[in-house]
Amino acid sequence: MKTRYLLPFLSLSLVALFAGCDKELDSSEIDDVDTELTGATKYIISATPIGTTGIADYLLTTNSLDSGMVTTQGNGIEQDGSYRYYLTHKNRFFSLLYGQGNPGAVTTYRLDATGKLNKLTNFQTETVQLFAPVKDDIFIAKIPRSGNEFSSFYRIDARKYQIVGEKQVNIVKLAGNGERAHFTWATQVGDKLFAPYMSIKGAAPDVFGTAYPDSSWVAVYSYPDLTLEKVIKDNRTSYIGAYFVNGLVEIENGDAYAFSYASATNSGTPSSKNPSAVIRINKGTTEFDKSYFFNVEELSGGYHMAGQSYLGMGKFVVQMYAQPNSLAGVARKFAIVDVINKTFKWVTGVPTDITRTTTINNYAPKDGRTGYIGITTASEGSYVYVFDASIAVAKKGLNVVGGTITAINALQY
Amino acid sequence: MQIKKILLLGILCACVIFTSAQNRLSGVSGQIKSATGEPIPGATIKIQKTTSGTFSDENGNFRITNIKAGNYHIQVTAIGFVTIKKEITVSENQESKLNFSLNASSEDMETVNVIGRTANQQVNRQAFNVTSIDAKKLHNSTLDISHALDRVSGVRVREAGGLGSRMDFSLNGFTGRQVKFFIDGVPMDNFGSSFQINNIPINLAQRVEVYKGVVPVWLGSDALGGAINIVTDNTTKSYADISYSYGSFNTHKTAINVGYTSPSGFKVQLNAFQNYSDNDYKVTTDVASFDGRYFRNQVVKRFNDTYHNETIIVSAGLINKSFADQLMFGLTAGKNYAEVQTGARMVSVFGDWHRRGSILMPTVKYQKKDLFTKGLDLRINGNFNFGTEQNIDTVYRRYNWFQEYKEYPGAGSERERSMYKFRNNNGLATANLTYTINERHSLSLNNVYNSFNRKGSDELFPQNQNYEQPRKNSKNVLGLGYKFSASEKWNTSVFAKQFYQSNKYAQSYNPSGNWGDVAYLQQENSYSKTGYGIATTYFIVPNFQLKASYEKSYRLPETDELFGDLLNLEGNISLKPEQSNNYNLGFSYQAQVNQIHRFSFDGNVMYRDAKDFIRPQLNNNQTKQVMGNLADVTNLGFESEVRYSYKQLFTAGVNMTYQNLRNNTRFEQGQTMESPLYKDRIPNMPYLFGNADASLFFNNVGKKGNTLTLGYNVLYVHAYYLSWPSQGTSDTKYDIPRQWMQDVNAVYTLGGGKYNIGLECKNLVNNRIYDNFSLQKPGRAFYAKVRYFFSKNRS
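Residue numbers (full-length UniProt numbering), protein chains in the order written: chain A, 1 to 413; chain B, 1 to 795.
Among the hints, a few may not be true.
No farther apart than 25 Å at their CA atoms in a straight line, the calculated lysine-lysine pairs in the PhoX-like style are these [unchecked claim]:
1) A/K119 with A/K192
2) A/K230 with A/K135
3) B/K733 with A/K116
4) B/K733 with A/K42
5) B/K406 with A/K173
6) A/K90 with A/K366
7) B/K733 with A/K142
8) B/K406 with A/K160
9) B/K406 with A/K167
10) B/K792 with A/K119
11) A/K142 with A/K116
Hints in this document: simulated from the structure, not taken from any laboratory.
The whole structure should be built from the sequences, with the hints applied where relevant.
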């Protein structure tokens, strides 16, 4: 009698066993060979839906930034978590996780012959606090804001997708004033790496405060061996760039222009007495040009710059804090500056209820005229705004439905 | 809040005085047993031609008070037994004794008791949506309480890893602290990491009650979405239950439960248990080399995941005295050690980071029935936890999954340099007063008070003032309930609860603007909320029960959610209390054919409308979890269970849960456009899952009286997305794949239950099982358990 029930019991179990088996995983390697380019361009918009939980970024592709619509609804390549940063180098797209002290995975993509964005591979780096294309590499740095005195520099080969060089730099020693040198960004100037830094206390509770708000510093490193050659300093404005904001750009003629947002604080209050301005490092030199000073704050009527995007031929779109003599708020105004001719002009056509703009992650074809910046507003959502520097006017371009624009990049195929 | 409390107390006192002022009346009490001497719980005792009557308790005892002197006929009915009637003479101001012995009915068509793990008539007869797990049936298995709960419909236990790992409990879509845990009615909120459901052995429990949604007032506390009450052995007998198990990953577990009660009423109990595991199971993951390249889908062993805990609970006191039915003093002492293998994701791997915890908790328990007057029962519990928790991360290394590491100079760490040690100074007091006016009406008043005062320091940063700032919190939940039992067929409870919380903390600022100058601004916030509810049940026929309940409930943020657990949970002091409207509708039906085939069917529909839902999310850099108020969530869920048994030889059951959790937040903060995520399914939450089990019983195997049980259990969890389902192209989305986990076991019982040998294989086909953000759980594992059990009833 018992066996009568044992048989169906066992056969049922067997069926369940087979139904419930996992499939094998793929562990094959990925091959990444260059293909002939057709000369076409695809734009990659990174967008984050607005919400409070389970938020991932999505990569959307489009043929044009000037008009049309893309959406994250049922569309876009999901990224593993939000708070990612993006860059393109050597016609590959890199998606980096901001991991604050923990290792972060970087995912790379390329376009196939039909213009479809395909995932290439993952690799792991340390925390990304700054990243910049330098020669054939992506240069990244992990910069502790307190405790440990060493910043770690890494060189990642942009085609081998691995770390090819590493260096430890004592940032307390570098600052030499009792505070810490906190790199804001890094830029390839000539064949060297120029890394502007801010001086910070690095101690709770005023980690990002400083007792030295009226100076600019740029550490100059040889590349690829990353040996410190010099620290150049200036006392006419404040530090160059800002936390996670680039402030140093090399233009076509080899001169490098340094933007100071004069945003140094002490205990949360702005403390620089110097204006928000642009200064210059001439080609082939490692000194600030004492004869050049472009006082943007004065020309704008007291506004501080908050970011810059280079359009080519010495022209920049600069983002300005929305109120004069203030470093508060997420809203922005925009202006066109010509650093060579020291001209400043407010841009019209930009909305006022801005909740977010793209800063380091926007796109310009470098024609000296056009720039694309992502702007999200509370009432209309997100659009790529097309800036025309020649007439200082911005207009709505591509509509990005469902998400805040965090980056605009371009790849060829 | 204080005023209301006083008022409520006043009302109750007035009732007490009013009733005791009446003439003292007579009563009758006794015990209901089967012909074989087993107590019968849940039997109906009725005094004919009056409205008086009651149900027998879990030991078969009953008591009817407030009847006039005279001659009565008392009728006792119990499912599966022949109804019996006896005559009794009750004299003035006396309680007459009358015991009943019931014969099992042979032809009774209502006799339905499906054998299986969930059977406890009395608990299930309540109006609340409750499932009771008969833990005794699992005493020979190697499960801990959390895994036993994982087999209940509506319940998902999500673990971060192996033995002792952090776990998230979800009940009908409510997670984390929305579901409260109790041990014998006392909230477990303050027990620390050394005494939690992931390390309490199943043998400590007699049964585990799972209240889904509406929580009865006598359990108190601020349970938003349900409660789990672990009922330990509380009978007045001498017993010994000793077990040891050994298994894969060098896992050792020992549990010792012994109790002795002297004839004079002195009672002593000792529970001791120990768990140890290397947790060095294999996982499949991408492994990074130090140049950043990933080796895809490598099979590697976990290597920094050793866990062990040792806990002892002793209590001693007096029972059945004139001043107390029970007065027990106890001490819970224990410690645990847990290595930390990963962060919130597999990509963060650690090799040295670990944490320690301890518990040192004196307890007192007082219980008295018929205090001052008949029908007034008082229960008081108090405890204070002097336990500590410590987080140790001092090694400046970067590990990878190949167990290689790179060491850096300087005073760094794997994540955050810390030797922070803290004590939460948790105190808890509960009082429960119930007054049974008569067979039909009863009142209960419950108060739970919690205090918390975290104090800590870090020997690495002795100057760090931040840690010396106040993190204090006190919480009080007061509940008043009224139960109306109109008839044997229908009863209803209504209740109201008052929630109060106050938090004290500090915010730093710089008063002078000078370098290094720090001062702290003392902050205080408090909340007061009122909730209420109703639960009702109706028996269409004795085997067909309908239940309906509603509650407007609140949950106050927990201290860990406010101040962090200093491990994988970041604090968020700005959390608000969450609230929910819970509706439940359920039925249960039992049927049988010829006493051979027995069936039971249970089904529930629930609707939850929750606001300011507190949910875990990843913090800004994806390394820790942080709780946030995700504005509004609704959940319409279904769950059902079907069981079948054939004589006493075979049983099988299947349950399924579906929950439709939707984001009900139309406008995100600061936005005037409708959220693209409005009405979308809440991500990273299992929504379709179920269990099935089957057992075969063989009697007289090897020797007469020895039994062999073969069991099979399967768990299925449908795949779900980590982020919002509506967003992105579906083939690029990250998800937790569907999970199938199958376990088999065999238990051999000798000497009439005295000696037991259990063998178990978990995850039989070695599937990759994930629960949280791709943290993989153990593959195939084997465990063996031996157990000795002895008990002697002293009645």
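Do the hints match the structure? See the list:
no., hint, verdict
1, A/K119 with A/K192, "violated, 32 Å"
2, A/K230 with A/K135, "holds, 20 Å"
3, B/K733 with A/K116, "holds, 17 Å"
4, B/K733 with A/K42, "holds, 22 Å"
5, B/K406 with A/K173, "holds, 23 Å"
6, A/K90 with A/K366, "holds, 17 Å"
7, B/K733 with A/K142, "violated, 29 Å"
8, B/K406 with A/K160, "holds, 22 Å"
9, B/K406 with A/K167, "holds, 14 Å"
10, B/K792 with A/K119, "violated, 68 Å"
11, A/K142 with A/K116, "violated, 33 Å"
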